[in-house]
Amino acid sequence: LNDRIECEQIGRAGAYHDGELVGAARADFERHLAGCADCAAELARARGLARMLGGMGSPALPAGSLARMHRGIDRLAQAGVVHMAEVMAAVAAAVLIVCMAGLARPAPAQRAVGALPDWEAEVVVQQTVDTPAGGPEELWARWMVQDLSRKGGHE
Amino acid sequence: MENGPLPPTDWELAHRARAGDDGAFHALVDRHAQALYALAVRLVGNSADAEDVVQETLAGAFRGLRRFRGRSAVKTWLTQILVRQAAQHYRTVRRQRTLRLDQYEQAGATASAQGRSDVRLDVAEAMLSLEPEFRAVIALRELEGMSYEEMAEVLSVPKGTVESRLFRARRQLRELLKEYLP
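Here the protein sequences come in this chain order: X and F.
Residue numbering for the first sequence follows the numbering used here, starting at 120 and increasing by one per position.
Residue numbering for the second sequence follows the numbering used here, starting at -6 and increasing by one per position.
Honestly, I wouldn't trust all of these hints.
Beyond 10 Å from chain X on every Cβ pair, some chain F residues (computed) [claimed, not checked]:
1. R35
2. L51
3. G63
4. E118
To be clear about the criterion: a stretch of chain X counts as covered by chain F if any three or more of its residues have a C-beta under 8 Å from a C-beta of chain F, and this derived list gives those stretches [to be verified]:
5. 157 to 171
6. 190 to 197
Taking CB as the label site, the calculated pair distances span [claimed, not checked]:
7. E125(X) with R59(F): 44 to 52 Å
8. A212(X) with A41(F): 38 to 46 Å
9. E5(F) with R190(X): 53 to 61 Å
10. R59(F) with R194(X): 29 to 37 Å
11. Q197(X) with A41(F): 19 to 27 Å
12. P1(F) with R145(X): 35 to 43 Å
13. E125(X) with H8(F): 47 to 55 Å
14. D115(F) with I124(X): 25 to 33 Å
15. D23(F) with C126(X): 46 to 54 Å
16. S177(X) with P151(F): 25 to 33 Å
17. R164(F) with M207(X): 53 to 61 Å
18. R194(X) with P151(F): 37 to 45 Å
If you are wondering where the hints come from, they were derived from the structure by calculation, not from laboratory data.
All of these numbers come straight from a predicted model, not from anything done at the bench.
Think of the CB as a built atom: it goes at the ideal place given N, C-alpha and C, for glycine as much as any other residue.
Work out the full structure: start from the sequences and follow the hints.
Spelled out as structure tokens, the structure:
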């Protein structure tokens, strides 16, 4: 049974090996390393593992792999264009539907004629009314005065 | 003597790709595919899955171009996506962690002798035996040579977590490979 307690700084050996300790921290650890068998052994093991992993070489891309990656990106780009076209078509269709719905509704002026004062209705539907000899402007002015007088809002 | 124009930086290519220049993204693929693939092989253990992971990584990067603000290096950004894709691959596939010699040979690690092949296979096997977060720190440090700060960014964890994970990952890996290590 090995119940010996390891050096509490042993975790720093890896950081030292990786060049992550700088300045005072590095100098402190180097002083500690000189007298600590645990940390010295840990550092040696870290170096051994790094050598081993470094010797494994780097796997090279298989033949045709890069071309497949490029084709994948082309497909994505193409799909993006198609999606954008679909979105634009949907927006255009929505705008068209709204416009057509607007055209199908009765004109606001015609709907509101009954609710308007006489002089306003006359202005709106002026084309359908026979005009006096003085012209429509004279008739409208007369009706405006009458209407405002009825409401008592004219001094 | 007249010098030619300098090749565009990764950031410039990413910026152009963001603006809709697909060619710029293809240039980034040319530049980084090999390194991404090598890392993917370390993380997922075989050539076919590694290629899938890289393809998904590139697709994710292409789709996420608008969100790339250039706060980190393009390589760091791509590596971050790749590590996530590899972890996702691990969770969804959870394939048997065995490597056949032909698979590893296909992955490009050509052996010069049988003994050397055995070491490589055992290293690959040992890597796959590690938990994904331990495998990632070993691959990023020992293969990519990333600093703790870069690893912290890639893995979205504090630097102290990188250091402690690396310490434990090295211990586990050494235990698995003790017959080859002094």
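Tested hints:
1. Not every Cβ of chain X is farther than 10 Å from the Cβ of R35(F); the closest lies at roughly 8 Å, contradicting the non-interface assignment.
2. L51(F), annotated as away from the interface, has a beta carbon of chain X within 10 Å; the closest lies near 6 Å.
3. Even its closest Cβ contact with chain X, about 20 Å, leaves G63(F) beyond 10 Å, as expected for a residue assigned away from the interface.
4. At roughly 12 Å from the closest C-beta of chain X, the C-beta of E118(F) stays outside 10 Å, upholding its exclusion from the interface.
5. Coverage of the segment 157 to 171 of chain X by chain F holds. Counting CB-CB distances below 8 Å, 7 residues qualify, and the rule asks for three or more.
6. Only residues whose C-beta sits within less than 8 Å of a C-beta in chain F count toward coverage, and the segment 190 to 197 of chain X has 5 of them, enough to reach three; the restraint holds.
7. Look at E125(X) against R59(F): about 49 Å separates their beta carbons, and that is inside 44 to 52 Å.
8. In this structure the supplied range 38 to 46 Å holds for A212(X) paired with A41(F), their Cβ-Cβ distance being about 44 Å.
9. E5(F) and R190(X) have their C-beta atoms about 24 Å apart, which leaves the hinted 53 to 61 Å range violated.
10. In this structure, R59(F) and R194(X) break the distance hint of 29 to 37 Å, their C-beta atoms being roughly 19 Å apart.
11. Between Q197(X) and A41(F) the beta carbon distance is about 25 Å. The supplied range of 19 to 27 Å therefore holds.
12. Between P1(F) and R145(X) the CB atoms are about 37 Å apart, so this pair conforms to the stated range of 35 to 43 Å.
13. As the Cβ distance of E125(X) to H8(F) is approximately 50 Å, the hint placing it in 47 to 55 Å holds.
14. In this structure the supplied range 25 to 33 Å holds for D115(F) paired with I124(X), their Cβ-Cβ distance being about 32 Å.
15. Checked against the hint of 46 to 54 Å, the pair D23(F) and C126(X) passes, with Cβ atoms roughly 48 Å apart.
16. Checking the proposed 25 to 33 Å range against S177(X) and P151(F) shows it holds: the Cβ atoms sit about 29 Å from each other.
17. Remark: the range hint 53 to 61 Å for R164(F) to M207(X) is upheld by a beta-carbon distance near 58 Å.
18. Our hint of 37 to 45 Å for R194(X) and P151(F) holds, since their Cβ atoms are close to 39 Å apart.
Violated hints for the displayed structure, listed by number in ascending order: 1, 2, 9 and 10.
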